[in-house]
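Undergrad: Throw the hints in and build the complete structure from the sequences for me.
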Amino acid sequence: MAAGEAQLLYELRNVGYEGPFLDQNYASTAILAGTQSGEFQDVVIWLTEEIRVLGKLDERICKSEDSSTFILELSGFLKELLCPYTSLTSGHVTDRLQTLEAKLLLLDYLVNELMALKMLEALKPTAKSNVITLHESPTAAALKDICITLGMGKPPNNVPPKVLFEKINSHLDDVLRSEGENRLSKPLFCPKQRLTAEQWAKLERVQRELDDEYDLRRKMLLTRLDVTIQSFKWSARVKDKEGTIAERYSEKRKILDSLQAGGRDTDIAALLGARETLAIIEKTSSAGVRKNTKSKIQRHIIGMVPDRGGRAYEHKAPPLEMPSWQTQRSTGGGGGGGRGGGGRGGFGGKS
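Going by full-length UniProt numbering, the residue at position 129 of the sequence shown is 129; the numbering climbs one at a time, nothing skipped.
Any given hint could turn out to be false.
Unchecked claim - Below, simulated EDC-like cross-link-like pairs (lysine to aspartate or glutamate); rule was C-alpha separation at most 16 Å, straight line:
no.: 1; residue 1: Lys118; residue 2: Glu209
no.: 2; residue 1: Lys79; residue 2: Asp215
no.: 3; residue 1: Lys144; residue 2: Glu50
no.: 4; residue 1: Lys252; residue 2: Asp211
no.: 5; residue 1: Lys202; residue 2: Asp257
no.: 6; residue 1: Lys63; residue 2: Glu49
no.: 7; residue 1: Lys63; residue 2: Asp42
no.: 8; residue 1: Lys219; residue 2: Asp257
no.: 9; residue 1: Lys219; residue 2: Glu80
no.: 10; residue 1: Lys118; residue 2: Glu11
no.: 11; residue 1: Lys79; residue 2: Glu65
no.: 12; residue 1: Lys79; residue 2: Glu213
no.: 13; residue 1: Lys56; residue 2: Glu121
no.: 14; residue 1: Lys79; residue 2: Asp212
no.: 15; residue 1: Lys167; residue 2: Glu198
no.: 16; residue 1: Lys79; residue 2: Glu49
no.: 17; residue 1: Lys79; residue 2: Glu276
no.: 18; residue 1: Lys56; residue 2: Asp23
no.: 19; residue 1: Lys254; residue 2: Asp211
no.: 20; residue 1: Lys186; residue 2: Glu50
no.: 21; residue 1: Lys79; residue 2: Asp211
no.: 22; residue 1: Lys202; residue 2: Asp66
no.: 23; residue 1: Lys118; residue 2: Glu166
no.: 24; residue 1: Lys202; residue 2: Glu65
no.: 25; residue 1: Lys63; residue 2: Glu198
no.: 26; residue 1: Lys63; residue 2: Glu39
no.: 27; residue 1: Lys79; residue 2: Glu59
no.: 28; residue 1: Lys233; residue 2: Glu247
Calculated directly from the structure, the hints in this document are not laboratory data.
TA: Here it is, written out as structure tokens:
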């Protein structure tokens with residue numbers, strides 16, 4: 001075993017790991033196999049889960065038979081952790097974690113991050129040690145919203161899930177009977193068959209990838225907005241108004257910052273709760289959209305423009321041209337008469 005691997009096992013033991021990866025032969029075989037090995041995935045999952053809990057992160061890595069899928073999930077976790085090693089988060093998926101150095105770098109980085117988080121946790125002031133902070137999961141938050149909407153009140157802490165959902169169904173039936181079935185439109189996501197656990201995991205992975213993609217798009221739009229506002233400050237006419245512009249823009253920018261990430265509005269619970277009316281897209285010229293985009297300044301910029309004409313129906317039609325065959329016919333008739341006269345004159349001269 002190399003010195004780097006021995007040091008890694010020593011640090012793993014220090015951060016509280018007690019699994020089979022502490023065995024030297026076991027660890028060497030797992031590291032050599034890389035992400036295609038379930039043993040290597042197990043130790044990475046243990047480290048990332050410990051970091052996720054202590055660091056209060058959202059990304060979670062699951063074991064997968066497909067190494068590419070595992071690497072994609074791992075890359076998302078590392079990006080949220082702000083990993084400085086681009087070789088672990090960028091490039092083609094099949095090219096990542098292929099060398100021994102890359103795999104040792106990954107494990108060493110995760111171990112050190114976990115060690116730092118454990119040290120920060122241990123150094124927290126003792127005055128807050130008796131304060132219990134409850135972290136509400138997305139599922140618990142969705143159930144809480146359902147109970148509040150249906151007016152059920154707070155359910156007991158030890159209520160079984162089956163009893164809770166039966167109570168939810170009962171209250172929902174009462175609401176539909178009193179309000180009518182038209183109160184709720186058809187669900188937007190309505191599979192014909194019940195999804196399996198594997199399909200749910202795949203759906204969650206797709207949702208997470210789309211969430212990351214659109215979060216990035218929103219960040220890009222906000223960056224473009226910042227650059228646009230900054231370009232207006234280049235004018236010499238607004239040099240003395242930069243403070244006013246910055247103050248007014250910062251108020252609007254704070255509101256936009258809250259919309260930078262999808263969050264609970266785009267998670268799986270939001271997908272299940274979405275109705276088909278959400279798929280209705282209004283035209284950009286509709287009154288509902290224009291009320292948020294039109295402004296008084298547009299009338300001053302555009303104003304009334306003169307009528308320059310150019311409409312086809314206002315012009316006179318061009319005169320009809322003489323067909324070419326009529327002109328040739330007229331010329332041919334005169335020539336024929338001349339030939340006829342010449343013939344008769346010649347005959348008369350002979351006589």
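Undergrad: For every hint, state whether the structure bears it out.
TA: Structure-based check of all given hints:
1. Lys118 - Glu209: 29 Å, violated
2. Lys79 - Asp215: Distance ~13 Å between Lys79 and Asp215 Cα, so the pair holds.
3. Lys144 - Glu50: Roughly 27 Å between the alpha carbons, so the hint for Lys144 and Glu50 is violated.
4. Lys252 - Asp211: Violated, because 24 Å separates the two Cα atoms, which is more than 16 Å.
5. Lys202 - Asp257: 30 Å, violated
6. Lys63 - Glu49: Holds, at about 12 Å.
7. Lys63 - Asp42: 7 Å, holds
8. Lys219 - Asp257: Judged against 16 Å, a Cα distance of about 9 Å means the pair holds.
9. Lys219 - Glu80: The given pair, whose Cα atoms are some 15 Å apart, holds under the 16 Å limit.
10. Lys118 - Glu11: 13 Å, holds
11. Lys79 - Glu65: Not satisfied, since the Cα-Cα distance of roughly 22 Å exceeds 16 Å.
12. Lys79 - Glu213: Given pair Lys79, Glu213 holds - Cα atoms ~13 Å apart, limit 16 Å.
13. Lys56 - Glu121: 12 Å, holds
14. Lys79 - Asp212: Roughly 11 Å separates the two Cα atoms, so the pair holds.
15. Lys167 - Glu198: 28 Å, violated
16. Lys79 - Glu49: 15 Å, holds
17. Lys79 - Glu276: This hinted pair is violated, its Cα atoms lying about 34 Å apart.
18. Lys56 - Asp23: It is violated: about 30 Å lies between the C-alpha atoms, which goes past 16 Å.
19. Lys254 - Asp211: Distance ~21 Å between Lys254 and Asp211 Cα, so the pair is violated.
20. Lys186 - Glu50: 41 Å, violated
21. Lys79 - Asp211: 14 Å, holds
22. Lys202 - Asp66: Holds, at roughly 12 Å.
23. Lys118 - Glu166: 41 Å, violated
24. Lys202 - Glu65: 13 Å, holds
25. Lys63 - Glu198: 12 Å, holds
26. Lys63 - Glu39: Within the cut-off at roughly 10 Å; holds.
27. Lys79 - Glu59: 9 Å, holds
28. Lys233 - Glu247: It holds: about 13 Å lies between the C-alpha atoms, which stays within 16 Å.
Violation of the numbered hints given earlier is confined to hints 1, 3, 4, 5, 11, 15, 17, 18, 19, 20, 23; the remaining hints are satisfied by the structure.
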